[in-house]
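J.: Listed below are the residues making up each chain.
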Amino acid sequence: MNRFRSYEYVLLEGIFPERAILRLQREKIPLYDVKKVQKTQILFRISKKDSEKVFAIYPNVCYNDIVYSPFYVQKIGGSGFFRAIAAVKRRIGMLVGALLCVIALFATDSLVFGVEFVGSSVYRREVLSALEQNGIFPFSTYTCEREDEICAQLLTLPSVEYCSVKKSGGFVYVEMRLSPFETDRMQKESLRASRSGEVVSVAVLRGTGRVNVGQAVHSGDLLVENVLETEEHGQVCVEPIAKVVLACTYEAELVADTEEEAFAKAYLEIGFFDTECMIERSIVKNGEGQNSFFVKIRYTVIERVNM
Amino acid sequence: MRLYEEVFKSVNGEAISRCLFVPKGDGYFEGVKSVDDFSNERIVIGFSKNRVEIVGEAFSIGKYCDGDLHLLGRIVQIRVLQDGEKA
Numbered sequence: 001m002n003r004f005r006s007y008e009y010v011l012l013e014g015i016f017p018e019r020a021i022l023r024l025q026r027e028k029i030p031l032y033d034v035k036k037v038q039k040t041q042i043l044f045r046i047s048k049k050d051s052e053k054v055f056a057i058y059p060n061v062c063y064n065d066i067v068y069s070p071f072y073v074q075k076i077g078g079s080g081f082f083r084a085i086a087a088v089k090r091r092i093g094m095l096v097g098a099l100l101c102v103i104a105l106f107a108t109d110s111l112v113f114g115v116e117f118v119g120s121s122v123y124r125r126e127v128l129s130a131l132e133q134n135g136i137f138p139f140s141t142y143t144c145e146r147e148d149e150i151c152a153q154l155l156t157l158p159s160v161e162y163c164s165v166k167k168s169g170g171f172v173y174v175e176m177r178l179s180p181f182e183t184d185r186m187q188k189e190s191l192r193a194s195r196s197g198e199v200v201s202v203a204v205l206r207g208t209g210r211v212n213v214g215q216a217v218h219s220g221d222l223l224v225e226n227v228l229e230t231e232e233h234g235q236v237c238v239e240p241i242a243k244v245v246l247a248c249t250y251e252a253e254l255v256a257d258t259e260e261e262a263f264a265k266a267y268l269e270i271g272f273f274d275t276e277c278m279i280e281r282s283i284v285k286n287g288e289g290q291n292s293f294f295v296k297i298r299y300t301v302i303e304r305v306n307m
Numbered sequence: 308m309r310l311y312e313e314v315f316k317s318v319n320g321e322a323i324s325r326c327l328f329v330p331k332g333d334g335y336f337e338g339v340k341s342v343d344d345f346s347n348e349r350i351v352i353g354f355s356k357n358r359v360e361i362v363g364e365a366f367s368i369g370k371y372c373d374g375d376l377h378l379l380g381r382i383v384q385i386r387v388l389q390d391g392e393k394a
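So the protein lines, in turn, are chains D and R. First residue of the first sequence: 1, per my numbering; consecutive thereafter. First residue of the second sequence: 308, per my numbering; consecutive thereafter.
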């Protein structure tokens with residue numbers, strides 16, 4: 001059978017349908033796949049171009065009751081390449097829908113719908129932040145290229161021993177395992193002020209803050225206490241995670257030959273660390289001929305615990 | 308084919324029908340003038356001078372055009388009908 005030729009299945013019904021076959025043969029109409037369905041019915045396939053001839057020989061009495069025909073002929077369907085085309089035309093809506101569905105599936109396959117944590121999720125906020133920095137957030141497209149970078153970033157977090165980031169379905173799975181010994185390294189003591197000054201900011205992730213912004217504190221004062229108030233168990237001792245920024249002022253009269261020497265001595269006395277940041281500084285010489293300066297330095301100190 | 312040539316030479320050039328069939332298989336018939344009876348188990352084919360009854364199973368006509376008939380199914384028996392014998 002030629003797949004690219006259009007055929008039609010025809011059901012011929014009437015008494016002694018073999019006569020109809022003979023008549024069609026006389027008209028030189030090739031018949032294919034002739035089958036006797038019932039005693040009075042024959043099913044066969046004809047070329048589409050011969051279809052008109054068949055209906056001319058045996059007019060369909062259903063549509064034209066003026067003309068008499070001993071046989072009732074009706075089209076059952078097509079076959080071959082054109083049948084496929086006709087089927088496609090009939091189901092164009094369904095095919096377009098299916099095509100769109102496939103496209104949507106491929107398009108959404110790379111999308112991220114959420115983040116799931118496997119193992120520890122204590123660094124949930126840090127993980128989400130790291131993912132967002134690398135362009136992974138809900139309804140964004142996922143790329144595997146940044147996985148190593150994200151893992152490297154997360155492995156810098158304290159006590160993180162193992163980390164993996166991978167996508168499965170619409171979710172990004174972040175597996176994180178913490179070292180069992182690392183929790184012992186966290187400080188359990190409350191956070192106290194190492195210098196006198198004024199509280200600029202307070203950030204407490206765990207524990208209870210005992211100072212407010214703008215409050216003056218002295219060295220050794222309690223900033224963040226290692227307790228939590230709970231309704232069920234009252235006060236519970238916890239490992240505090242907090243950061244308090246203090247604005248401190250250093251004023252002193254120092255003996256020095258030059259201003260630079262006076263500042264150097266002041267810095268040594270203050271004991272500048274990396275975390276400390278100078279806000280302003282001023283120096284005044286105490287009279288002519290004297291080797292002393294009045295030095296004033298304003299700086300910030302970051303007091304932190306487990307953070 | 309040589310055998311066919313020898314067979315048809317003996318007919319003195321007279322146009323005769325050719326039948327080719329495989330027992331328990333398909334059949335191919337040339338010079339078919341009519342299909343007098345047709346069902347899944349039996350078909351009677353009319354040639355110019357005689358009629359042939361073919362009995363078998365699951366018969367269907369693969370192609371019927373210009374006196375050529377390709378019969379599909381399982382041919383079990385072929386018999387030439389006598390004159391006047393009912394199809």
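Source of the hints: derived by calculation from the structure; they are not laboratory data. Where is the CB? At the ideal position from N, CA and C, for every residue including glycine. Just to be clear, a hint being listed does not mean it is correct.
[Said to hold, decoys possible] With a straight-line cut-off of 27 angstroms between C-alpha atoms, the simulated DSS-like cross-links for lysine-lysine are:
1) D:LYS53 - R:LYS331
2) D:LYS39 - D:LYS28
3) D:LYS48 - R:LYS356
4) R:LYS356 - R:LYS331
5) D:LYS166 - R:LYS356
6) D:LYS89 - R:LYS331
7) D:LYS75 - D:LYS35
8) R:LYS356 - R:LYS340
9) D:LYS89 - D:LYS53
10) D:LYS53 - D:LYS39
11) R:LYS331 - D:LYS75
12) D:LYS35 - R:LYS370
13) R:LYS331 - D:LYS35
14) D:LYS28 - D:LYS48
15) D:LYS28 - D:LYS53
16) D:LYS28 - R:LYS370
17) R:LYS331 - D:LYS48
18) D:LYS188 - R:LYS370
19) R:LYS370 - R:LYS331
20) R:LYS331 - D:LYS296
21) D:LYS39 - D:LYS89
22) D:LYS49 - D:LYS35
23) R:LYS356 - D:LYS89
24) R:LYS356 - R:LYS370
25) D:LYS49 - R:LYS356
26) D:LYS188 - D:LYS265
27) D:LYS28 - D:LYS89
28) D:LYS48 - D:LYS35
29) D:LYS167 - R:LYS331
30) R:LYS340 - D:LYS265
31) R:LYS331 - D:LYS49
32) D:LYS75 - D:LYS48
33) D:LYS28 - R:LYS340
34) D:LYS285 - D:LYS265
35) R:LYS370 - R:LYS340
[Unchecked claim] Computed footprint of chain D on chain R; a stretch qualifies when at least three of its residues, placed anywhere within it, have a C-beta under 8 angstroms from a C-beta of chain D:
36) 326 to 333
37) 356 to 364
[Said to hold, decoys possible] Quick list of the computed label-pair ranges, beta carbon to beta carbon:
38) R:ALA365 - D:LEU11: 13 to 23 angstroms
39) R:ILE385 - D:LYS28: 33 to 43 angstroms
40) R:ALA365 - D:GLU116: 58 to 68 angstroms
J.: Taking the hints in turn, state whether each one holds.
T.: Quick rundown of the hints versus the structure:
1. D:LYS53 - R:LYS331: 36 angstroms, violated
2. D:LYS39 - D:LYS28: With Cα atoms ~25 angstroms apart, D:LYS39 and D:LYS28 stay inside 27 angstroms; holds.
3. D:LYS48 - R:LYS356: 34 angstroms, violated
4. R:LYS356 - R:LYS331: Holds, at about 26 angstroms.
5. D:LYS166 - R:LYS356: 83 angstroms, violated
6. D:LYS89 - R:LYS331: 42 angstroms, violated
7. D:LYS75 - D:LYS35: With Cα atoms ~15 angstroms apart, D:LYS75 and D:LYS35 stay inside 27 angstroms; holds.
8. R:LYS356 - R:LYS340: Judged against 27 angstroms, a Cα distance of about 10 angstroms means the pair holds.
9. D:LYS89 - D:LYS53: 26 angstroms, holds
10. D:LYS53 - D:LYS39: Holds: D:LYS53 and D:LYS39 sit about 24 angstroms apart, inside 27 angstroms.
11. R:LYS331 - D:LYS75: 33 angstroms, violated
12. D:LYS35 - R:LYS370: 11 angstroms, holds
13. R:LYS331 - D:LYS35: Given pair R:LYS331, D:LYS35 holds - Cα atoms ~18 angstroms apart, limit 27 angstroms.
14. D:LYS28 - D:LYS48: 14 angstroms, holds
15. D:LYS28 - D:LYS53: Between D:LYS28 and D:LYS53 the Cα gap is close to 10 angstroms, so the pair holds against 27 angstroms.
16. D:LYS28 - R:LYS370: 12 angstroms, holds
17. R:LYS331 - D:LYS48: Distance ~33 angstroms between R:LYS331 and D:LYS48 Cα, so the pair is violated.
18. D:LYS188 - R:LYS370: 95 angstroms, violated
19. R:LYS370 - R:LYS331: Status holds; Cα separation ~19 angstroms.
20. R:LYS331 - D:LYS296: 117 angstroms, violated
21. D:LYS39 - D:LYS89: Status violated; Cα separation ~35 angstroms.
22. D:LYS49 - D:LYS35: 21 angstroms, holds
23. R:LYS356 - D:LYS89: The given pair, whose Cα atoms are some 50 angstroms apart, is violated under the 27 angstroms limit.
24. R:LYS356 - R:LYS370: 22 angstroms, holds
25. D:LYS49 - R:LYS356: Violated, at roughly 33 angstroms.
26. D:LYS188 - D:LYS265: 35 angstroms, violated
27. D:LYS28 - D:LYS89: Roughly 32 angstroms separates the two Cα atoms, so the pair is violated.
28. D:LYS48 - D:LYS35: Satisfied, since the Cα-Cα distance of roughly 18 angstroms is no more than 27 angstroms.
29. D:LYS167 - R:LYS331: 61 angstroms, violated
30. R:LYS340 - D:LYS265: Violated: R:LYS340 and D:LYS265 sit about 128 angstroms apart, past 27 angstroms.
31. R:LYS331 - D:LYS49: Answer violated: R:LYS331 to D:LYS49 is near 35 angstroms, above 27 angstroms.
32. D:LYS75 - D:LYS48: Holds, at about 11 angstroms.
33. D:LYS28 - R:LYS340: 12 angstroms, holds
34. D:LYS285 - D:LYS265: OK: D:LYS285 and D:LYS265 at ~15 angstroms, within 27 angstroms.
35. R:LYS370 - R:LYS340: Holds - the C-alpha atoms of R:LYS340 and R:LYS370 are around 14 angstroms apart, at most 27 angstroms.
36. 326 to 333: Coverage by chain D is violated for the region 326 to 333 of chain R (0 residues, Cβ < 8 angstroms).
37. 356 to 364: violated (count 0)
38. R:ALA365 - D:LEU11: 13 to 23 angstroms: Given range 13 to 23 angstroms: holds, Cβ gap about 19 angstroms.
39. R:ILE385 - D:LYS28: 33 to 43 angstroms: Violated, since R:ILE385 and D:LYS28 (Cβ atoms, about 27 angstroms apart) do not stay within the stated range.
40. R:ALA365 - D:GLU116: 58 to 68 angstroms: 60 angstroms, holds
The structure is inconsistent with the numbered hints 1, 3, 5, 6, 11, 17, 18, 20, 21, 23, 25, 26, 27, 29, 30, 31, 36, 37 and 39, although it conforms to all the rest.
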